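Trainee: Protein chains in written order, with the numbering used here: chain A, 1 to 275; chain B, 276 to 431.
Quick caveat, the hints were computed from the structure, so don't treat them as lab data.
Just so we're clear, the structure is a prediction, and the values are computed from it rather than from any experiment.
Don't be surprised by glycine CBs; every beta carbon is placed ideally from N, CA and C.
Don't take each hint at face value.
[What the hints assert, rightly or not] Cut-off 25 angstroms, straight-line C-alpha distance, at most; resulting in silico cross-link-like pairs (DSS-like, lysine-lysine):
1. A:Lys-197 - A:Lys-270
2. B:Lys-344 - A:Lys-78
3. B:Lys-400 - A:Lys-91
4. A:Lys-87 - B:Lys-329
5. A:Lys-60 - B:Lys-390
6. A:Lys-225 - A:Lys-192
7. B:Lys-400 - B:Lys-422
8. B:Lys-363 - B:Lys-400
9. B:Lys-426 - A:Lys-78
10. A:Lys-3 - B:Lys-315
11. A:Lys-87 - B:Lys-390
12. A:Lys-60 - B:Lys-329
[What the hints assert, rightly or not] Some chain B residues close to chain A (C-beta under 10 angstroms, calculated; not the full set):
13. Lys-315
14. Gly-317
15. Ile-352
16. Gly-353
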Amino acid sequence: MLKNVKECFYPETVEECLKLLNEFKEKGDIVGGGVDIVWRERKELEYLVYLDKLNLNYIKEDQKILIGATTTLDELEKINILNGSFKNAIKSVATPILRNVMTIGGTLVRGYSWSDILTIFITLEGKVKIYDGEEKILSIDDFLQYKKTSKKKFILTEIQLPKYDISYHFSYIRFTRTGSDIPLLNEGILIKSLGKKVDRINIILGGRPGFPVHLNKVEEILLDKELNDEIINFAKEVAINTSEVLDDMRLSQHYRKNLSGVLTKRNLIKIMEEI
Amino acid sequence: MIINFILNGEEVNYDAYPGETLFELLRRYHHYEVKGNNCKSGECGACTILVDDKPIPSCTYLVGKVIGKKVITIKGIGDIDNPDLIQKSFVEEGAIQCGYCIPGIIISVENLIRKNPNPTKEEIKETLSSHICRCTGYVQQIEAVEKVVQKIKEGK
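Using the sequences provided together with the hints, build the complete structure.
Mentor: What follows is the structure, given as structure tokens:
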């Protein structure tokens with residue numbers, strides 16, 4: 001129970017929604033799925049702003065894949081791209097009943113560093129559309145920076161993914177103690193192949209703890225190469241030696257470093273088999 | 276605030292606190308309508324109900340989201356005098372011990388079978404993965420769901 005909440009609002013336009021947020025300041029917040037807001041029980045919250053009347057629950061495929069901010073994660077499972085790997089990545093997040101309430105916008109706005117969704121969408125070069133008085137389209141990295149530096153209130157309205165042709169391959173693995181737990185480490189790899197060679201590559205490591213980062217050295221050694229057992233084992237060693245991971249109460253830095261190598265190897269083997 | 280929705284087929288109007296969850300509201304008005312509220316984060320699945328035909332953890336679902344929607348709790352599925360096929364099967368297969376998690380599981384299984392009357396073992400396991408049961412180890416629950424599927428196939 002959010003004991004101090006006095007009133008709920010249902011704006012019908014993003015402008016009206018932003019006006020309410022600016023008026024309420026720290027006493028108001030947006031409700032997406034509501035999972036995080038209920039869990040955190042913030043005492044200062046007095047006003048809840050629901051997005052239900054903004055019609056942001058949609059998935060459209062045009063030149064890009066456009067996903068409305070209040071689309072729940074279970075709806076994302078219907079997006080059949082990247083040979084089913086995107087669907088499988090989404091299905092690995094939390095549990096079925098939680099995916100029925102968690103919204104993609106809410107998950108990205110909270111932007112917890114261990115978030116699976118953050119790692120998946122950075123790997124896939126996703127973008128977000130926000131409204132803070134004017135409309136902006138930002139990469140996820142820029143969005144995280146914007147959140148840190150801007151004092152403006154904003155509403156995330158849409159998430160955009162590029163359209164991938166058959167030369168793109170994606171794999172995502174999360175490592176957790178139990179299926180519904182937050183990941184101790186997660187990694188996504190997106191490869192564009194040219195014949196058997198790696199033409200473009202993103203390797204993103206998240207839950208380090210800390211915001212997801214590229215494994216730059218591993219990306220460099222794999223670029224323009226053909227994937228085989230030898231280079232994948234080499235990539236694993238490079239990942240272990242260069243991954244920027246830290247200690248926390250759940251896992252040691254040493255364990256995380258070795259784990260980053262294992263996740264890199266497993267993801268690359270899966271993609272090699274696909275290519 | 277006054278909220279209205281359809282609860283187990285009947286239109287209801289309740290005076291709700293704006294910051295309460297659907298679980299808390301149902302517990303105030305219908306003491307045994309939902310069980311659980313173990314984790315308050317949607318992880319354990321004990322308080323699962325159907326909202327617009329989707330199983331959701333009612334402990335994380337704010338009342339402000341339920342306005343105008345269709346809600347089904349375990350009482351809308353069946354009760355001790357008139358159990359539905361899934362409830363009967365769980366009893367017959369010994370899939371219930373303490374019973375704490377069972378209403379939530381029945382709701383999820385009901386949703387699975389409505390949408391997919393012939394689920395695979397993997398799909399059954401995925402559905403049960405929303406629920407924490409520390410008594411049974413899930414084996415009898417999987418068997419109970421498989422038995423329901425078999426009965427539906429045989430038209431019983």
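Trainee: All hints, please: hold or fail.
Mentor: For each hint, the structure was consulted:
1. A:Lys-197 - A:Lys-270: Within the cut-off at roughly 15 angstroms; holds.
2. B:Lys-344 - A:Lys-78: holds, 23 angstroms
3. B:Lys-400 - A:Lys-91: holds, 13 angstroms
4. A:Lys-87 - B:Lys-329: Judged against 25 angstroms, a Cα distance of about 19 angstroms means the pair holds.
5. A:Lys-60 - B:Lys-390: holds, 24 angstroms
6. A:Lys-225 - A:Lys-192: Holds, because 12 angstroms separates the two Cα atoms, which is no more than 25 angstroms.
7. B:Lys-400 - B:Lys-422: Within the cut-off at roughly 14 angstroms; holds.
8. B:Lys-363 - B:Lys-400: With a Cα-Cα distance of about 20 angstroms, the restraint between Lys-363 (chain B) and Lys-400 (chain B) holds, given a limit of 25 angstroms.
9. B:Lys-426 - A:Lys-78: violated, 30 angstroms
10. A:Lys-3 - B:Lys-315: Within the cut-off at roughly 15 angstroms; holds.
11. A:Lys-87 - B:Lys-390: holds, 19 angstroms
12. A:Lys-60 - B:Lys-329: holds, 22 angstroms
13. Lys-315: Holds - the Cβ of Lys-315 (chain B) comes within 10 angstroms of chain A, reaching about 7 angstroms at its closest.
14. Gly-317: Nearest chain A Cβ about 5 angstroms off; hint holds.
15. Ile-352: Since the shortest Cβ distance to chain A is 16 angstroms, the answer is violated.
16. Gly-353: Violated, about 20 angstroms.
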